[in-house]
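2 protein chains.
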Amino acid sequence: MFDQITIIGMGLLGGSIGIGCMQKGLARKVIGAVRRESAIDEVMAKTAAHEATLDICEAVRTADLVIFAVPIPAIAPLAKTIAAAIAANSIVTDVASVKSCVVNRMEAIFGKRCRVVGAHPMAGSEKRSIAIADPAIFLNNVCIITPTEKTDKEAINRVSGLWEALGMSVKYVSPEQHDQCVALVSHLPHVAAFTLINTIKRSSHNPHQVIDFAGPGFRDATRIAASSPELWTEICLANKETLLGVVKAYQQELKSFIKTFEKGKTDELCRIFAEAKALKEASNEPSKDKV
Amino acid sequence: MFDQITIIGMGLLGGSIGIGCMQKGLARKVIGAVRRESAIDEVMAKTAAHEATLDICEAVRTADLVIFAVPIPAIAPLAKTIAAAIAANSIVTDVASVKSCVVNRMEAIFGKRCRVVGAHPMAGSEKRSIAIADPAIFLNNVCIITPTEKTDKEAINRVSGLWEALGMSVKYVSPEQHDQCVALVSHLPHVAAFTLINTIKRSSHNPHQVIDFAGPGFRDATRIAASSPELWTEICLANKETLLGVVKAYQQELKSFIKTFEKGKTDELCRIFAEAKALKEASNEPSKDKV
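Taken in sequence, the protein lines are chains Y and F.
Sequential numbering from 1 applies to the first sequence in the numbering used here.
Sequential numbering from 1 applies to the second sequence in the numbering used here.
Okay, chain Y solo, but in the shape it has when bound (with noise of 0.2 Å):
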């Protein structure tokens, strides 16, 4: 499928990937890039590349395909160090959970160079090392490809191909309507389970007395508050515009049920807690993104 796929970050995804390509056979070579040196003996062990390096120039230059697995706020850093290294009319993706900033960074970037194709393979845990990585996480689940109105069509065409050659559907939105979905779905939650939980800790003298009284329901609706604090905050943060409008209307929603609460009509509050419940049930929620 590719001459040489260089994978920038060789944590859980991108060790996943590396390990799903060299299994495959989807690269002549695999390149993993790695920030420490140590690194580079845990690529090679977990057989997720053909090489490892800490020179990441060296290792874009003759790639036909690279990818981003880095933390977000590392992306554009790393971006301007390689964009006078990497290949011409190579292609460039990455798998982070926000898109916009993401992508409209990379372009500007990289400009005309190279072709860049935004993607979010929804697989993975809030756990980052490559000690857990596995290919099997991509399997059956979605990955959403965000082009843009810049984004080369054989270029989504052949990064479809990678995520579909291991083991994932691909589903294609813009990069705005991405982030909006995922604010909703993922972020919106999130954000939710860690205030319910301060709540908790706010309204009590012994919280840990209080959760003593907790059952399934709640262990099921804050499991995502034991998420990671860097992460979320990355996320936050990459879609800040988008998610502070998305929990600005859960805000907005919460004072409407407090005013219908106030008032104790058996029949409204009823009709909301339907309306909730039907929408619910009517989700078959078929993806299996864990973060």
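If you are wondering where the hints come from, they were derived from the structure by calculation, not from laboratory data.
Just to be clear, a hint being listed does not mean it is correct.
If several chains are the same, the list does not tell them apart, and a pair holds so long as it fits within one copy or across any two.
Claimed, not checked - Straight line, CA to CA, 30 Å or less: simulated DSS-like cross-link-like pairs of lysine-lysine:
#1 Lys265 / Lys240
#2 Lys265 / Lys80
#3 Lys277 / Lys201
#4 Lys201 / Lys171
#5 Lys24 / Lys265
#6 Lys263 / Lys80
#7 Lys29 / Lys255
#8 Lys263 / Lys240
Could you slot chain F onto chain Y? The hints should help.
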């Protein structure tokens, strides 16, 4: 343990208590008081009582333990109905998931004639039918007993003994403390989940398409939004003042999050998430309330 236990309302909880008492021989006689003629056969078919009857006053006349297992709004009217018929000095208890309003009303209605003990066995589901009644729902779960200053000590012990015989571990807190705790760990998470789903509905022309982006985090966080609207309307209204306070505290916490988010400072956001993660992970949440 008891001479005659009368259970008023033979749904999931009443039925499960009845079957458990029959199986373990916890009373010489178990009577189920039901509202519908057809329910008599259902009770007998499940061996959930020795007798089932529509005559609630007759059913309580010789009982030494009367258990209300009906929806919260039905408790006070039924208590008034039986107040003159019930045996003097008998013990009256219930299974309602909100306690202050129920215990206060029962104490007022029965006065010194019998001994009221509030109880909340944390087991069950939003389904209420005797068809799925099974005393196994009590095993290894917690029953909260909520004594007041007026509660008779011997009556507390006998009610505790019943729940322990059915396999539950018993904890004691005041009705007010119970209602504050369940408002925080059960009622508020339900309100938050219903509100999350309604926010998605209001924020999109095609909410189903948005939910297509959802993963397991969303599924878990909003599972309880599929709960019974009728049951949750009943619970919210029965715990109205306490829950309103808790929902407003949540709103306040959300407002403070939005302020911090707007400033966009990495370390402040990270501190909020880390605080929630720490409490979530430190809590062992031992009980298993399905409501």
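Here is what the structure says about each hint:
{"no.": "1", "hint": "Lys265 / Lys240", "result": "between (37 Å within a copy, 11 Å between copies)"}
{"no.": "2", "hint": "Lys265 / Lys80", "result": "between (59 Å within a copy, 24 Å between copies)"}
{"no.": "3", "hint": "Lys277 / Lys201", "result": "both (28 Å within a copy, 11 Å between copies)"}
{"no.": "4", "hint": "Lys201 / Lys171", "result": "between (40 Å within a copy, 22 Å between copies)"}
{"no.": "5", "hint": "Lys24 / Lys265", "result": "neither (61 Å within a copy, 43 Å between copies)"}
{"no.": "6", "hint": "Lys263 / Lys80", "result": "between (57 Å within a copy, 27 Å between copies)"}
{"no.": "7", "hint": "Lys29 / Lys255", "result": "neither (56 Å within a copy, 51 Å between copies)"}
{"no.": "8", "hint": "Lys263 / Lys240", "result": "between (35 Å within a copy, 10 Å between copies)"}
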